[in-house]
Amino acid sequence: MTEFTPILSFSGGLLIGLATVALMAVHGRIAGINGIVGGLLSLNINSDWAWRAAFITGIVTSPLVLLGATGQLPEISIPSSPTLLLAGGFLTGVGTTLGSGCTSGHGVCGMSRLSARSIVATMTFMATGGVTVFLIRHVFGG
Amino acid sequence: MIRLLSAFAIGLVFGTGILISGMGNPAKVLNFFDVTGTWDPSLAFVMSGALTVAAIGYRLAFRMNSPVLASEFSLPTKTDLDMKLIGGSAIFGIGWGMSGFCPGGLVPVLGLGLSGPFLTGAAIVAGILVARGITTLGSRPSPAQA
Chain A
2 MTEFTPILSF
12 SGGLLIGLAT
22 VALMAVHGRI
32 AGINGIVGGL
42 LSLNINSDWA
52 WRAAFITGIV
62 TSPLVLLGAT
72 GQLPEISIPS
82 SPTLLLAGGF
92 LTGVGTTLGS
102 GCTSGHGVCG
112 MSRLSARSIV
122 ATMTFMATGG
132 VTVFLIRHVF
142 GG
Chain B
39 MIRLLSAFAI
49 GLVFGTGILI
59 SGMGNPAKVL
69 NFFDVTGTWD
79 PSLAFVMSGA
89 LTVAAIGYRL
99 AFRMNSPVLA
109 SEFSLPTKTD
119 LDMKLIGGSA
129 IFGIGWGMSG
139 FCPGGLVPVL
149 GLGLSGPFLT
159 GAAIVAGILV
169 ARGITTLGSR
179 PSPAQA
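One line per chain: the protein sequences are A and B, in this order.
Last residue of the first sequence: number 143 in this note's numbering, and the count goes up by one each step with no gaps.
Last residue of the second sequence: number 184 in this note's numbering, and the count goes up by one each step with no gaps.
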């Protein structure tokens with residue numbers, strides 16, 4: 002069980018939205034994490050590479066903001082085995098690259114622009130995510 | 039320099055939002071998907087918060103002639119609903135349901151220094167590189183048949 006946290010989750014969502022808008026208003030870019038990380042994996046180190054690296058560094062540093070504000074680090078718990086993490090991570094990398102986006106790129110940026118591609122992509126990955134969890138937890142009894 | 043500082047600051051806000059929201063906590067993500075089991079609907083509130091701000095904010099931002107620190111808005115131009123989009127997204131959902139980490143949920147958690155997120159991150163990088171390889175091979179003109 003995890004605790005239902007509608008207010009905290011909504012507040013976090015507002016911040017995600019705020020950062021998404023800021024990246025567009027200031028830098029003219031879509032805040033799609035997979036695309037930005039993918040850009041960092043390019044050998045062509047140019048000015049795009051630099052803002053991407055700065056953005057990702059900011060994200061990685063964010064636990065310290067929470068530590069400063071609340072005095073504690075966020076608690077996370079990882080139910081999946083290392084094998085599932087590896088396999089799931091690999092499929093995530095393959096799928097978001099072929100599908101041109103993840104939860105942030107399609108789910109937030111694209112859906113808020115009413116992009117048909119992003120709406121279809123988001124419905125697809127939410128559906129297969131749900132089916133996967135159902136199979137792992139209730140059919141194979143993981 | 040101002041561009042880098044700004045991108046860094048926006049990253050801090052994004053990551054803090056992810057951590058507060060629970061998107062970086064695989065237990066919460068997997069419970070969101072587990073509608074018939076230990077369902078935790080919190081993540082629907084993350085999406086509604088983010089979409090509300092983004093939908094209004096994007097509209098306001100696009101009223102500007104150009105972004106504050108860039109010459110133009112870079113937006114995706116593709117509009118076709120092809121198999122690559124749908125198949126890729128389907129594969130991503132399967133991966134997300136296995137690990138509980140989407141890319142945006144994972145990156146802030148890397149800062150906590152736990153081994154699970156790094157393992158997942160390494161696998162995501164491998165997946166990105168493999169998919170790029172496949173795409174490059176696929177887009178190369180096939181050798182002429184004799």
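Among the hints, a few may not be true.
Quick partial rundown of chain A residues pointing at chain B, CB under 8 Å, derived from the structure [stated by the list, open to error]:
no. : residue
1   : Leu44
2   : Gly69
3   : Gly72
4   : Gln73
5   : Gly94
6   : Cys103
7   : Val140
None of these hints come from the bench; they were simulated from the model.
Treat the numbers as computed from the prediction; the structure is a model and nothing was measured.
All C-beta atoms, glycine included, are put in the ideal place defined by N, C-alpha and C.
Hint check results:
1. Proximity of leucine 44/A to chain B is violated relative to the hint, the smallest CB-CB distance being about 12 Å (cut-off 8 Å).
2. Proximity of glycine 69/A to chain B is violated relative to the hint, the smallest CB-CB distance being about 10 Å (cut-off 8 Å).
3. For glycine 72/A, the interface hint is violated, since its Cβ never comes within 8 Å of a Cβ in chain B; the closest pair sits about 14 Å apart.
4. The interface hint given for glutamine 73/A is broken, as the beta carbon of that residue sits about 11 Å from the closest beta carbon of chain B, more than 8 Å.
5. Hint on glycine 94/A holds. Least Cβ distance to chain B is approximately 2 Å, under the 8 Å limit.
6. A least Cβ separation of about 5 Å between cysteine 103/A and chain B falls short of the 8 Å threshold, and the interface hint therefore holds.
7. A least Cβ separation of about 11 Å between valine 140/A and chain B goes past the 8 Å threshold, and the interface hint is therefore violated.
Hint check: violations occur at hints 1, 2, 3, 4, 7; the rest are consistent with the structure.
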